[in-house]
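Chemist: Sequence:
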Amino acid sequence: MIALVARRAAASLAILALVTFLVFLVVYLSPGDPVATMLGRDASGETADQIRRDLGLDRPFLVQYGAWLWGLLGGHFGTSITMHVPVLDILVPAYVNTFILALASLAIALTFGVLLGVLSGLRAGGWFDRLAAAVSEGLAATPVFWLGIMLIWLVSKQLRWLPSSGMYNLRGSHSLADLLAHLVLPAFSAAVLAIAIIMRLTRASVIDALNADYARMFASAGMSTSRLLFTQIARNILAPIVSIGGLQFGTLFGGVIFVETVFAWPGLSAQLYNAITAHDIPVIQTGVLMIAATFILINLIVDLALVWLNPRARA
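First residue of the sequence shown: 1, per our numbering; consecutive thereafter.
Be aware that a few hints might be false.
Said to hold, decoys possible - Computed Cβ-Cβ distance ranges for the label pairs, DEER-style:
hint	residue 1	residue 2	range
1	161	141	19 to 29 Å
2	131	179	26 to 36 Å
3	8	62	28 to 38 Å
4	9	75	15 to 25 Å
5	82	175	25 to 35 Å
6	141	76	40 to 50 Å
7	177	92	19 to 29 Å
8	111	179	33 to 43 Å
9	145	181	15 to 25 Å
10	115	88	36 to 46 Å
For the record, the hints were derived by calculation from the structure and aren't laboratory data.
Built from N, CA and C at the ideal position, the CB exists for glycine as well.
Using the sequences and the accompanying hints, generate a full structural model.
Modeler: Laid out in structure tokens, this is it:
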């Protein structure tokens, strides 16, 4: 088991190293001049050249990449070109906010997706199964930003049940209840596609488990469907749910940019948008790297969880 963990961790580190190179290359090749953005059009050429030398932007690509990578290994992520503060001071609070939103979206997706999938699988071909399939198709085809706008119009503007934007009330006490009230609409908007995916996978897993030989044997012995579900089937459908749940969390974490924009959620999307507009290279590189590292880490955790759930995979 230890050797397996070491192999998976080494593979994840290799992928992360490749990601650092690709991130740096894409930003390096992207159009725009951060120095020109800083100084404006009226700055002299000598001043611009001096700032490029100070920032190391005049050095060859591999030298710049090596210096940046060495800084990462030492825990130095650079300083924002436009705001002149450490990059982590900008991105860490935004990262935490995005993590909260993605985690809440995953909780909603797993709750509704697994529940609807199990009920559909137990009643395959029935009216509830057909209704759930139609709902799933509708959710999968719904644009996230459009759903967010509709929820704001209906729930916030018409019914006035929940706030429409931000993370806390400006004059509030930043309490947990205030956070949860602001979290409901963006989290549900981000979760709709994941609900559809998890529901379909859970339904298929339940149907396969019900048709398995062991399930037929227990059913013929008089075991009720509910007891069969909780004592036998649940263990067999847990692995695919864990797998798709981890994948969806990584997808949600990197894909909530539209939700954060619609609901003015103070996450990574706003910081990355501002950094891209200003061509703030250190912020762009670190922000994209944080998203990629989170996705890789989640996949590693899911792989190890699947090995733990299925001892035969340890061989």
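Chemist: Go through the numbered hints given earlier and state which of them the structure violates, listing their numbers in rising order.
Modeler: The structure breaks only hint 8.
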